[in-house]
Amino acid sequence: TQLLEQSPQFLSIQEGENLTVYCNSSSVFSSLQWYRQEPGEGPVLLVTVVTGGEVKKLKRLTFQFGDARKDSSLHITAAQPGDTGLYLCAGPLIQGAQKLVFGQGTRLTINP
Amino acid sequence: ETGVTQTPRHLVMGMTNKKSLKCEQHLGHNAMYWYKQSAKKPLELMFVYNFKEQTENNSVPSRFSPECPNSSHLFLHLHTLQPEDSALYLCASSLPPSGGNSPLHFGNGTRLTVT
Chain A
1 TQLLEQSPQF LSIQEGENLT VYCNSSSVFS SLQWYRQEPG EGPVLLVTVV
51 TGGEVKKLKR LTFQFGDARK DSSLHITAAQ PGDTGLYLCA GPLIQGAQKL
101 VFGQGTRLTI NP
Chain B
1001 ETGVTQTPRH LVMGMTNKKS LKCEQHLGHN AMYWYKQSAK KPLELMFVYN
1051 FKEQTENNSV PSRFSPECPN SSHLFLHLHT LQPEDSALYL CASSLPPSGG
1101 NSPLHFGNGT RLTVT
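Chains as they are written, first to last, in the working numbering: chain A, 1 to 112; chain B, 1001 to 1115.
The set of hints was computed from the structure by calculation and includes no laboratory data. Keep in mind that this is a model prediction, so the values were computed, not measured. Where hints are given, some of them may not hold.
[Claimed, not checked] Some chain B residues well away from chain A (every beta-carbon gap over 10 Å; in silico):
(1) Leu-1011
(2) Asn-1050
(3) Glu-1056
(4) Asn-1058
(5) Arg-1063
(6) Asn-1070
(7) His-1079
(8) His-1105
(9) Phe-1106
[To be verified] Taking lysine-lysine and the PhoX-like style, the derived pairs with C-alpha atoms no more than 25 Å apart in a straight line are:
(10) B:Lys-1022 to A:Lys-56
(11) A:Lys-70 to B:Lys-1041
(12) B:Lys-1018 to A:Lys-99
The beta-carbon is built from N, C-alpha and C at its ideal position, and this holds for glycine as well.
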């Protein structure tokens, strides 16, 4: 049983479409981080959400932390081929802990 | 350039070989990590070092032996590995956690194949 479940695992859409991917847990997290990993590279941090209900925007990407701090979503508007990659959510098991648990990721492909 | 450099990028080794993975960070961080990324599985934390001291060993088999001579360098020594150890090994660094929000800075990984 994974602490962080991401869905969908795979998503392939056309350029210009909108999409939402999810990161869910039965546990409460003090914060959640979102990373994007491109082929042949390591994950790169996109955003950290800390407060329940928080919404953060990064250009066409909108991140939301659930009110109960058990889930998060990433919405991409007008997806572009450069958005292609593996999107990972991660959070500390214990507040302040260095040990992050990761979801298995959503592999996103944006077709031109 | 990531600020965290891993070498080699690719490694093929037999089960009886001994090899080492190297990680170097130029970000002034004091915490360094080894993660294992296998297909269809979440990233798995292996080891954590804070100020050169190992603070976490996530039940990793002894055929993996980490070494952290200083806060900028981290090694993973490999010996008598199994084919199921084939994976992408990622090094990361961070400032010591402050409220759990310290992000990880990853290298580009070493793709390891054990034959």
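- Query: Against chain A, does Leu-1011 of chain B keep a CB gap of more than 10 Å to every residue?
  - Reply: holds (15 Å)
- Taken at face value, is the distance from the CA of Lys-99 of chain A to the CA of Lys-1018 of chain B at most 25 Å? Measuring from Cα to Cα gives roughly 28 Å; hence the hint is violated.
- Message: Please verify that the nearest CB of chain A lies beyond 10 Å from Asn-1070 of chain B's CB.
- Response: holds (19 Å)
- Message: For Lys-70 of chain A and Lys-1041 of chain B, compute the direct alpha-carbon distance and say whether it is at most 25 Å.
- Response: holds (21 Å)
- Status of Glu-1056 of chain B, Cβ more than 10 Å from any chain A Cβ: Glu-1056 of chain B not clear of chain A: closest Cβ-Cβ about 6 Å, inside 10 Å.
- Message: Next pair to validate is Lys-1022 of chain B with Lys-56 of chain A; report whether the Cα-Cα distance is within 25 Å.
- Response: Violated - the C-alpha atoms of Lys-56 of chain A and Lys-1022 of chain B are around 36 Å apart, more than 25 Å.
- Message: The output says Phe-1106 of chain B does not contact chain A. Does that hold with a beta carbon cutoff of 10 Å?
- Response: violated (3 Å)
- Task: Determine whether the non-interface label on Asn-1058 of chain B survives the test: each CB of chain A must be over 10 Å from its CB.
- Result: At roughly 8 Å from the nearest Cβ of chain A, Asn-1058 of chain B sits no farther out than 10 Å, so the non-interface label is violated.
- Non-interface claim for His-1105 of chain B versus chain A (Cβ beyond 10 Å): violated (8 Å)
- Message: If we take the beta carbon of His-1079 of chain B, is the closest beta carbon in chain A still more than 10 Å away?
- Response: holds (25 Å)
- Task: Please confirm whether Asn-1050 of chain B is truly not at the interface, meaning its C-beta sits more than 10 Å away from all C-beta atoms of chain A.
- Result: Check fails; 8 Å does not lie beyond 10 Å.
- Task: Determine whether the non-interface label on Arg-1063 of chain B survives the test: each CB of chain A must be over 10 Å from its CB.
- Result: holds (22 Å)
Checked against the numbered hints above, the structure breaks hints 2, 3, 4, 8, 9, 10, 12 and satisfies the rest.
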